[in-house]
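Novice: Read off the chains here:
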Amino acid sequence: NAGVTQTPKFQVLKTGQSMTLQCAQDMNHEYMSWYRQDPGMGLRLIHYSVGAGITDQGEVPNGYNVSRSTTEDFPLRLLSAAPSQTSVYFCASSSQGDGYTFGSGTRLTVV
Amino acid sequence: GENVEQHPSTLSVQEGDSAVIKCTYSDSASNYFPWYKQELGKGPQLIIDIRSNVGEKKDQRIAVTLNKTAKHFSLHITETQPEDSAVYFCAATSGGSTLGRLYFGRGTQLTVWP
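Heads up: the protein sequence lines correspond to chains A and B, in order. Read in order, the letters of the first sequence are residues 1 to 111 in this note's numbering. Read in order, the letters of the second sequence are residues 1 to 114 in this note's numbering.
You may find that some hints are simply not true.
[Unchecked claim] Partial list, computed: chain A residues near chain B (C-beta under 7 Å):
| hint | residue |
| --- | --- |
| 1 | 31 |
| 2 | 43 |
| 3 | 48 |
| 4 | 102 |
| 5 | 103 |
| 6 | 105 |
[Claimed, not checked] Capping the alpha-carbon separation at 30 Å, the derived lysine-lysine pairs in BS3-like fashion look like this:
| hint | chain 1 | residue 1 | chain 2 | residue 2 |
| --- | --- | --- | --- | --- |
| 7 | B | 58 | B | 22 |
| 8 | B | 37 | A | 9 |
| 9 | A | 14 | B | 42 |
Honestly, the hints are just simulated from the structure, not real lab data. Every residue gets a Cβ at the ideal spot worked out from N, C-alpha and C, and that includes glycine.
Kindly generate the complete structure, drawing on both the sequences and the hints.
Specialist: Okay, here's the thing in structure tokens:
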């Protein structure tokens with residue numbers, strides 16, 4: 001049981017490039033979320049999903065897209081990277097929408 | 001939406017002392033309050049949670065209290081140890097139409113000195 005797996009762990013992008021952050025969970029959890037963590041700002045919700053085929057926006061969705069074609073995977077796409085998207089990104093999953101299990105994070109730098 | 005405030009932002013204690021971190025929330029419909037511990041370079045880890053039908057919950061050296069009337073909840077760590085040093089986050093959610101959305105405080109950096 002691997003839990004929540006995020007790849008890559010580190011990434012450097014140039015402004016304007018696009019990329020996808022991968023997230024997979026093997027716990028058959030319905031709920032999955034993406035958060036970004038910035039110094040002094042806590043964790044802010046980007047997008048979340050309550051099940052396959054269902055996604056919704058969080059607090060800071062601009063510049064990001066998500067899809068949920070399977071229960072296991074919830075990729076986060078950056079359409080055109082900007083320096084303001086430099087952050088640490090966490091994916092999390094839950095079976096009932098409350099006690100989330102977090103992945104180990106992706107540290108993204110946009111130059 | 002929900003607004004969660006957390007205090008203090010930093011906390012230093014001597015090993016063996018107690019540590020208390022406090023959070024307030026704005027949405028009276030919130031009914032689930034988890035606490036997460038984040039060690040350097042790792043993702044947040046759920047350490048304890050409480051639901052609105054309970055006033056206090058304990059797990060060994062960790063306890064959480066909830067005052068729904070005042071809309072605040074607190075994390076208590078007794079007999080602190082150096083390995084308790086980490087960033088702690090509180091969170092709240094109301095379920096219902098917002099089920100799946102956790103709102104986090106900004107975190108407390110706890111340092112336990114040996």
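Novice: If a hint holds in the structure, say so; if it doesn't, say that too.
Specialist: Status of each hint after checking the structure:
Taken as an interface hint, residue 31 (chain A) checks out: its beta carbon lies about 5 Å from the nearest beta carbon of chain B, inside 7 Å. Taking 7 Å as the C-beta cut-off, the interface hint given for residue 43 (chain A) holds, the closest approach to chain B being about 4 Å. Residue-level restraint check for residue 48 (chain A) holds (minimum Cβ-Cβ distance to chain B is 5 Å; threshold 7 Å). Because the smallest distance between the Cβ of residue 102 (chain A) and any Cβ of chain B comes to about 4 Å, under 7 Å, the interface hint for this residue holds.
Here the hint on residue 103 (chain A) is kept, as its CB sits about 5 Å from the closest CB of chain B, short of 7 Å. A least Cβ separation of about 5 Å between residue 105 (chain A) and chain B falls short of the 7 Å threshold, and the interface hint therefore holds. About 16 Å separates the Cα atoms of residue 58 (chain B) and residue 22 (chain B), which keeps this hinted pair within 30 Å; it holds. A distance of roughly 20 Å separates the Cα atoms of residue 37 (chain B) and residue 9 (chain A); the hinted pair therefore holds under the 30 Å criterion.
With a C-alpha separation of about 25 Å, the suggested pairing of residue 14 (chain A) with residue 42 (chain B) holds against the 30 Å cut-off.
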